[in-house]
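Student: The hints should help you fit chains W and G onto chain L, whose structure is shown.
As a plain string of letters, each chain reads:
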Amino acid sequence: MYKIIAKHLNTYFGDAHILKDINFKVAENTVTALIGPSGCGKSTFLRSINRMNDLIPTFKREGTLLLDEEDIYSPEMDVVNLRRKVGMVFQKPNPFPKSIFDNVSYGLKIHGIDDEGFIEQRVEESLKSAAIWDEVKDKLDQSAMSLSGGQQQRLCIARTIANNPEVILMDEPCSALDPISTLKIEDLIHKLKKDYTIIIVTHNMQQASRVSDYTSFFLNGEIIESDETERLFVSPKEQKTEEYITGRFG
Amino acid sequence: MTKIAAEALIEKSLFILALFSCFVILIILCFIFFEGFPAIQEYGFFKFLFGTIWSPNDGQFGVFDMIIGSLYVTFIALIIAIPLSISCATFMAEVASNKVRNFLKPVVQTLSGIPSVVYGFFGLIILVPFVRSQFGGTGFSIFTAAIILSIMILPTIISVSYDSLRSVPQDYKEASLGLGATNWQTIRRVVFPSALPGIITAIILGMSRAVGETLAVIMVVGNVAKMPSSIFSPARTLTSNIALEMSYATGIHYNALFATAVVLFMLIMLLLVVANYVQRKYSIDIGGGTL
Amino acid sequence: MNFNFISARTSQKIMNSIFVLSGILTLAILAIILADILIKGLPVINMEFIFGQVENQGESGGIFPIIISSLYVTLVSILIATPLGVGAAIYMVEYASNEKLTNIIRFGAETLASIPSIVFGLFGLSFFVIFLNLGWSIFSASLVLAIMAIPTIFQVAEVSLSSVPSIYKEGSYGLGATKWQTIYKVIIPAALPGIVTGVILGMTRSISEAAAVMYAVGSSIIMPISIFDPGRPLPLHLYVLATEGISLPNAFGTAAVLVIIVLVITFLTNYFTEKYQNKMMGK
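Protein chains in written order, with the working numbering: chain L, 7 to 256; chain W, 1302 to 1592; chain G, 8 to 290.
Okay, chain L solo, but in the shape it has when bound (with noise of 0.2 Å):
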């Protein structure tokens, strides 16, 4: 059973037309790479499952987007619930101006959940799994921004662990960090594979090589092609694929 399905998805920002006619499966607990060049609408075709593009108000849709078979765009869809279902990390590290440990607990609190107890438990877990427990565990009420960068990100993955999804968006979650964080990360999204389903949208063909199961490869708003990783990068079927991982556009 495949836990995300896109069929004939189509969106806008007013008259441009982003995504075309997207035509996608990912199965429960992979990790599936977009990649393409930059404007491809990988991205926003990311913030499509957990309705992130609703913020803009150009936006528009057609076609199906399911999760676990149920109509993401269906009017009866709570947009609270599925994007704590759906959990995203951003490009730049956004952790909120607040303590480590709530930054980790806003999820839980904002969903009505006050057990102190019960908090602080889920927090040490979040952050053990998001593998940053060890450097943070003595400084729990500093301040999120004196972390470096890739604590941050690796922060912000607690933050959404944290809320116990099903899923995990990442939009280029290494873009802003040092080749050393992008590894932990890197190594973190091996890990968090075994409990969650992963998207995660790159630039970088190396890092969609070394994590993903499958890579969906994206041009002007169309997938050109969806394989496993491997394949993919090995013997791609399309030509246009071909000439983007083999570096000669893009």
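The hints are simulated quantities; they were obtained by calculation from the structure and are not laboratory data. Remember, it's a predicted structure, so these values are computed and weren't measured experimentally. Glycine is no exception: its CB is placed at the ideal position from the N, C-alpha and C atoms. It is possible that part of the hints are untrue.
To be verified - Here are the simulated DSS-like cross-link-like pairs (lysine-lysine), alpha carbons at most 25 Å apart as the crow flies: (1) L:115 / G:20; (2) L:115 / L:143; (3) W:1400 / G:282; (4) L:98 / L:197; (5) L:98 / W:1474.
To be verified - Every beta carbon over 10 Å from chain W, so not counted as near; a handful from chain L, in silico: (6) 20; (7) 27; (8) 30; (9) 35; (10) 74; (11) 154; (12) 166.
Tutor: The following block gives chains W and G in isolation, referenced to the frame of chain L:
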């Protein structure tokens, strides 16, 4: 004249222009203090500040009731204006569509452009009779003045807090919404705390405008130099005391009005210092990471 | 405030209604005030009212000398305040290097902006009218208004000057221009819309002010000719008509004229700012 000499001359002249504001402040302070000093000296500083009888004909110059009058009116005006204006600023910054926002901006701008005398006139013609019919008395009251003042400081608080709400990074909002927070939860837990220093500045600006406003208050507050017994009793503020009596004051009475201005000036400085302290405290807390 | 006892969605709905209501209320306040003033004031306004002399202390006749007084003090005050405010801003942005000094200057401007207008009125009376012996005159009032307008013009001009991209300056210096030539030929033109906005804001403040001028301008209802004649600007006339119970209809007429002038200035400023911005954006 050589180019270099001309350049130096220009720089010197601009420097003098730049210092002009400070220079003017000094002259203003000197004159107000200089003219007010004889009254304070003759009547006694504490007697002047804490005296409750203002009766120029009998040589009595206690401004305490007016200090209370000024603070009372300002306080009530803030209680009315703060919730309304911050709510309106939030609406414009976080909730309204672009169309509605672009419609409301000039509305706020126009509100701030209306001359204070027009507000006072409106208060005199519409509000005073309304308060009289609803709450009894003459209609000239602290309450009436506070309503007019709250309308007058509305645009100040709205526009400054709006700017500060808009400058909260989009990243914070996306992070919060991405975690499944509702728009209101995001506003309350992320946007408000981040914008707080700016919102406090907005309130300070509104407050100092309310304390300093003169004619609009004179027209509706009743101007009785007596300790107000309730929100519906008339009162006299420091500003209205000056404006009302200046036209016929002579001798020590003239000096006493300048001394009133000294008190008014000190009151505003005091409020600004307190407000600045509060603001700095909050900013530091945010820098330290606890909102 | 904690809304844990009601659901997140309910509190969202409640707060949204509160936000919308506050927007509507703000709009309603403006609409009520404008409607009241204009509905009662516009019928009073005709050629005779605009161009007539003040008769019986304003009970009858027109307000021509009043309008002229207003324009007179506004114009003179802006002529004085603009070079002072803009000059200070140029110094701050282009010359000042000492942080202590800029802080002092900025603090001076902020303090000047926070002084209540009635204190300016007292100062005008004791300094310009009596000490400098300028008498109750358009000139004394203009000086007071100029001092009040300086911080506004200064602050807006400073922001606008400092937002001129440094590549413009470098281009000019690269061609061998002196500092002042660069400021005069490149920076001021680039910052002009902002400076004009500041000047207009200062004008709006000058034309609306009554408390600061009431003891400097003399309150005469005769047409001021020389700058040393006394006069009575619109807001002061409105104040006198309303508080001394001289004529309610004429008070409404005066208020309407004042409001219309302010509305027109605001509208024109917005129109030109928008037009300029569109031009810069290449629309």
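Student: Now tell me if each hint is right for this structure.
Tutor: Against the structure, the hints:
1. The hinted pair formed by residue 115 of chain L and residue 20 of chain G meets the criterion: a straight-line CA distance of about 19 Å does not exceed 25 Å.
2. Distance check on the hinted pair: residue 115 of chain L and residue 143 of chain L sit about 20 Å apart at the alpha-carbon level, within 25 Å; holds.
3. The suggested pairing of residue 1400 of chain W with residue 282 of chain G holds, with an alpha-carbon distance near 18 Å, which does not exceed 25 Å.
4. As the CA atoms of residue 98 of chain L and residue 197 of chain L are separated by approximately 22 Å, the hinted pair is consistent with the 25 Å bound.
5. The straight-line distance between the Cα atoms of residue 98 of chain L and residue 1474 of chain W is roughly 13 Å, inside the 25 Å bound, and the hint therefore holds.
6. Non-interface status of residue 20 of chain L relative to chain W is upheld: no Cβ of that chain comes within 10 Å, the nearest being about 12 Å off.
7. Interface exclusion of residue 27 of chain L from chain W stands, the closest Cβ pair being 27 Å apart, more than 10 Å.
8. For residue 30 of chain L, the requirement that its beta carbon stay farther than 10 Å from each beta carbon of chain W is met, with the minimum near 21 Å.
9. Taking the minimum C-beta to C-beta distance to chain W, about 21 Å, the non-interface status of residue 35 of chain L holds against the 10 Å cut.
10. The beta carbon of residue 74 of chain L is kept farther than 10 Å from every beta carbon of chain W, the shortest such distance being approximately 16 Å.
11. At roughly 15 Å from the closest C-beta of chain W, the C-beta of residue 154 of chain L stays outside 10 Å, upholding its exclusion from the interface.
12. A cut-off of 10 Å between C-beta atoms contradicts the statement that residue 166 of chain L is not in contact with chain W; the least separation is 7 Å.
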